[in-house]
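2 protein chains.
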Amino acid sequence: MELKIPHSNKKRVVIIGGGFGGIEVAKRLKDLDIQTILLDKHNYHTFQPLLYQVATGGLEPGSIAYPLRKFMQQIPNGIFRYAEVLSIQAEKNQIHTNIGELSYDFLIIATGSTTNFFNLPKETSSKMMQMKDIPQALDIRSFIIENYENALLLDDVSKKQSLLNIAIVGGGPTGVELAGAIGEMKKKILPKDYPELDFRKMEIHIFDATDRMLNTFSERSSKRASDYLKDFDVNVWVNTLVTDFDGEKVYLNNGKTIEAQTLIWAAGVKGMPIEGLPAENIVGGNRIAVDEYCKVKGFENIFAIGDVASMAQENFPKGHPMVAPVAIQQGTLVAKNIIATLKNKAPKPFKYVDKGSMATVGRNRAVMESKGIKLGGFFAWVAWLIVHIITLIGFRNKLTVVMGWLYNYITYDRTLRLIIRPSKRKESEQKL
Amino acid sequence: MELKIPHSNKKRVVIIGGGFGGIEVAKRLKDLDIQTILLDKHNYHTFQPLLYQVATGGLEPGSIAYPLRKFMQQIPNGIFRYAEVLSIQAEKNQIHTNIGELSYDFLIIATGSTTNFFNLPKETSSKMMQMKDIPQALDIRSFIIENYENALLLDDVSKKQSLLNIAIVGGGPTGVELAGAIGEMKKKILPKDYPELDFRKMEIHIFDATDRMLNTFSERSSKRASDYLKDFDVNVWVNTLVTDFDGEKVYLNNGKTIEAQTLIWAAGVKGMPIEGLPAENIVGGNRIAVDEYCKVKGFENIFAIGDVASMAQENFPKGHPMVAPVAIQQGTLVAKNIIATLKNKAPKPFKYVDKGSMATVGRNRAVMESKGIKLGGFFAWVAWLIVHIITLIGFRNKLTVVMGWLYNYITYDRTLRLIIRPSKRKESEQKL
Numbered sequence: 001m002e003l004k005i006p007h008s009n010k011k012r013v014v015i016i017g018g019g020f021g022g023i024e025v026a027k028r029l030k031d032l033d034i035q036t037i038l039l040d041k042h043n044y045h046t047f048q049p050l051l052y053q054v055a056t057g058g059l060e061p062g063s064i065a066y067p068l069r070k071f072m073q074q075i076p077n078g079i080f081r082y083a084e085v086l087s088i089q090a091e092k093n094q095i096h097t098n099i100g101e102l103s104y105d106f107l108i109i110a111t112g113s114t115t116n117f118f119n120l121p122k123e124t125s126s127k128m129m130q131m132k133d134i135p136q137a138l139d140i141r142s143f144i145i146e147n148y149e150n151a152l153l154l155d156d157v158s159k160k161q162s163l164l165n166i167a168i169v170g171g172g173p174t175g176v177e178l179a180g181a182i183g184e185m186k187k188k189i190l191p192k193d194y195p196e197l198d199f200r201k202m203e204i205h206i207f208d209a210t211d212r213m214l215n216t217f218s219e220r221s222s223k224r225a226s227d228y229l230k231d232f233d234v235n236v237w238v239n240t241l242v243t244d245f246d247g248e249k250v251y252l253n254n255g256k257t258i259e260a261q262t263l264i265w266a267a268g269v270k271g272m273p274i275e276g277l278p279a280e281n282i283v284g285g286n287r288i289a290v291d292e293y294c295k296v297k298g299f300e301n302i303f304a305i306g307d308v309a310s311m312a313q314e315n316f317p318k319g320h321p322m323v324a325p326v327a328i329q330q331g332t333l334v335a336k337n338i339i340a341t342l343k344n345k346a347p348k349p350f351k352y353v354d355k356g357s358m359a360t361v362g363r364n365r366a367v368m369e370s371k372g373i374k375l376g377g378f379f380a381w382v383a384w385l386i387v388h389i390i391t392l393i394g395f396r397n398k399l400t401v402v403m404g405w406l407y408n409y410i411t412y413d414r415t416l417r418l419i420i421r422p423s424k425r426k427e428s429e430q431k432l
Numbered sequence: 001m002e003l004k005i006p007h008s009n010k011k012r013v014v015i016i017g018g019g020f021g022g023i024e025v026a027k028r029l030k031d032l033d034i035q036t037i038l039l040d041k042h043n044y045h046t047f048q049p050l051l052y053q054v055a056t057g058g059l060e061p062g063s064i065a066y067p068l069r070k071f072m073q074q075i076p077n078g079i080f081r082y083a084e085v086l087s088i089q090a091e092k093n094q095i096h097t098n099i100g101e102l103s104y105d106f107l108i109i110a111t112g113s114t115t116n117f118f119n120l121p122k123e124t125s126s127k128m129m130q131m132k133d134i135p136q137a138l139d140i141r142s143f144i145i146e147n148y149e150n151a152l153l154l155d156d157v158s159k160k161q162s163l164l165n166i167a168i169v170g171g172g173p174t175g176v177e178l179a180g181a182i183g184e185m186k187k188k189i190l191p192k193d194y195p196e197l198d199f200r201k202m203e204i205h206i207f208d209a210t211d212r213m214l215n216t217f218s219e220r221s222s223k224r225a226s227d228y229l230k231d232f233d234v235n236v237w238v239n240t241l242v243t244d245f246d247g248e249k250v251y252l253n254n255g256k257t258i259e260a261q262t263l264i265w266a267a268g269v270k271g272m273p274i275e276g277l278p279a280e281n282i283v284g285g286n287r288i289a290v291d292e293y294c295k296v297k298g299f300e301n302i303f304a305i306g307d308v309a310s311m312a313q314e315n316f317p318k319g320h321p322m323v324a325p326v327a328i329q330q331g332t333l334v335a336k337n338i339i340a341t342l343k344n345k346a347p348k349p350f351k352y353v354d355k356g357s358m359a360t361v362g363r364n365r366a367v368m369e370s371k372g373i374k375l376g377g378f379f380a381w382v383a384w385l386i387v388h389i390i391t392l393i394g395f396r397n398k399l400t401v402v403m404g405w406l407y408n409y410i411t412y413d414r415t416l417r418l419i420i421r422p423s424k425r426k427e428s429e430q431k432l
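First to last, the protein sequences are chains Z and P. Residue numbers for the first sequence follow my numbering, beginning at 1 and rising by one. Residue numbers for the second sequence follow my numbering, beginning at 1 and rising by one.
The following block holds chain Z by itself, in its conformation from the complex (with noise of 0.2 Å):
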């Protein structure tokens, strides 16, 4: 069956993902006389650098998602469909989703990445939380809070011990801004909501696999890093490999075994290939190889940018970090390219603009590096700030923000601190 879309005869580019990277194309290529096509198995954009703040309570869903037929407003040759792809049958500039087939002329891959779960058996995987996406971070946020409803309940101490506490793993930017929003959490909030609970006793754990936190940044920020969790009370673990979670304990390879019930893999993703590309085309972290001008490697209209993409370039011999700057940037550079090609002319080659990076660890701290300089502290706190609130898309999302903020700020409180479960309906009961 093929996807019902207004008949057209002009060229045809198919995005698959509303992320940072697809839609960069989308907005770059409005201008043009073709069809744009985005398709996203969400309806909405995720500023996925806020989902910690949603798991925690800081923020509701609507304030860091963007429904993308909003977007799409603004893109007047453009058409959203709500899908899920499947594969690709390039031979025949097809794909296959979950509502019918869709031919193209460009095809840009934009599918961004999952949890990385390394080697871990499915039985163990499935025990831990993520945060990737929306419904995983209100999953935590439910998670966490019912624990501690169940703690108040139970006399048994080792038990009570599981449901307090938090292991996070993974020491890059996630996990230790997740780990900072818990550290404030526990001093700030917790202890009022259940003074029947001893929250001197929880403890927050937060895992890396190397010799520091935040090891993509320089030394001097990892140790400030370190310093600010410490702070916030959390114990920071380095050298540390999670070898097993049972669901109660989690076991690590230096042979320690600590309490949790709670355990947050942020220790990894990979990319997110569609099914159909040869397997040659697929290199290290389950991303796609491509080359300088994102072509997948064999395809002269087939593109992959961002996290599920991989261009080997000098500095980056594995390729460009997984972050929202690679793939605007690589989005510009496609679209950019899309538009010389169908003038004749020729394509530029990548080259990507590294601004820095930042990561906050609770209330007034945080750590920044760009071209050299390092900052940390409070400075580096409203730098951050105003990074997320100007790339943050959308009036309404900004102003919430920023009002929730605001009053999480005064009154070292997070409201959302609710349970809220689906209802027992279940998904997509009504068929074509």
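No wet-lab data here; the hints were simulated from the structure. Careful: at least some of the hints might be erroneous.
Intra- or inter-copy, both count: the list cannot distinguish identical chains.
The calculated lysine-lysine pairs, modelled on BS3-like cross-linking and capped at a C-alpha distance of 25 Å, are [to be verified]:
1. K318 with K270
2. K192 with K11
3. K30 with K188
4. K345 with K201
5. K295 with K41
6. K4 with K186
7. K256 with K122
In this text the structure is predicted, and so the values were computed from the model without any measurement.
Starting from the structure of chain Z, add chain P where the hints point.
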């Protein structure tokens, strides 16, 4: 197993339900030398009057939900338990919950109401949407948006029409406000989101079994509400009963059939009494019969308030209306009477002070009646806004609702058009 509660020799008041009535009782008893225990199956209070705005994407759930643990921070003698009450063993002054047994000196049943499908068979009612709590409101939001996503994939005119149309059963304030909000979406938002669909063809139907909308209001207000609805292209059906629904077609008692996959049942509510009370205590509307002190007949220390209580009084032979002001006033009375009883003073009987009623229909329009005054149009709408903001609990909720409304009003937009479904993780996987 006994529910774990900090030991105390003080008198214990147990309140079942953290709605308008339940929290009023807790607030009024907060300075007493007793132990107050509040139980709720949600960990938040829901501001039900604005649920329809969550369902139509105007507000986030966090704006109308207030964490009960945060509320309990103001109640020094109070303890909250996240629990579902299963039955009462009145002879032992004890209740049975999903987390253990709990004894009481005074019991206040403030469990509220649930959707009343009357005699509809379960296989019919299960195809309808309800709107009595936040998960259900979010479900309506996702269901409607998914229907539009599906509609644009279809050629079949009849199926397409059934996906576009929305039927609301029940012309009370809930149904009328919901119909108005959907009417606004039809005019201002949906055509921009779905340029491929012809929303002039979308039909909104509202059915009421009586001869007018808002039949508890004056005829003048009913007429106004109907006119406002018609301005939004809502088809107003009076003296009309829904006899059947198969998920695609709505069958009416006048022999007509309406094509609609979305049917929202707002035609009635019924009390949610608790198992274990004698059958003769349960009267019309599945409510608990109480005397003029809100005392459950036959018991000296069990009270019922709000939607679940039925007090036959002058002007109210079948009990008071199932609205927030009754619950709040009965909560106040019961708290005062408990205080009187503890001081060996005589309790006072209930006297309902009707401050009036109001309903809004889209932007700039509302009807309002108070002490003989009947207002309509813009002033009633402003009054409606103010009353709802004042009665919302929590500064942050007031703030986010005001900001949200301001944004929606200025932009003619509702940005929360997000299909957020739960992640695959099952509810409460962790066990004690």
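Going through the hints against the structure:
1. K318 with K270: So K318 and K270 pass the 25 Å test inside one copy only (13 Å; across, 63 Å).
2. K192 with K11: between (60 Å within a copy, 24 Å between copies)
3. K30 with K188: between (47 Å within a copy, 23 Å between copies)
4. K345 with K201: So K345 and K201 fail the 25 Å test inside a copy (65 Å) and across (46 Å) alike.
5. K295 with K41: Answer is within: at 23 Å inside a copy they meet the 25 Å cutoff, but 53 Å across does not.
6. K4 with K186: Result: close only across copies, 23 Å inter versus 51 Å intra.
7. K256 with K122: within (22 Å within a copy, 54 Å between copies)
When held up to the earlier numbered hints, the structure conflicts with hint 4 and nothing else.
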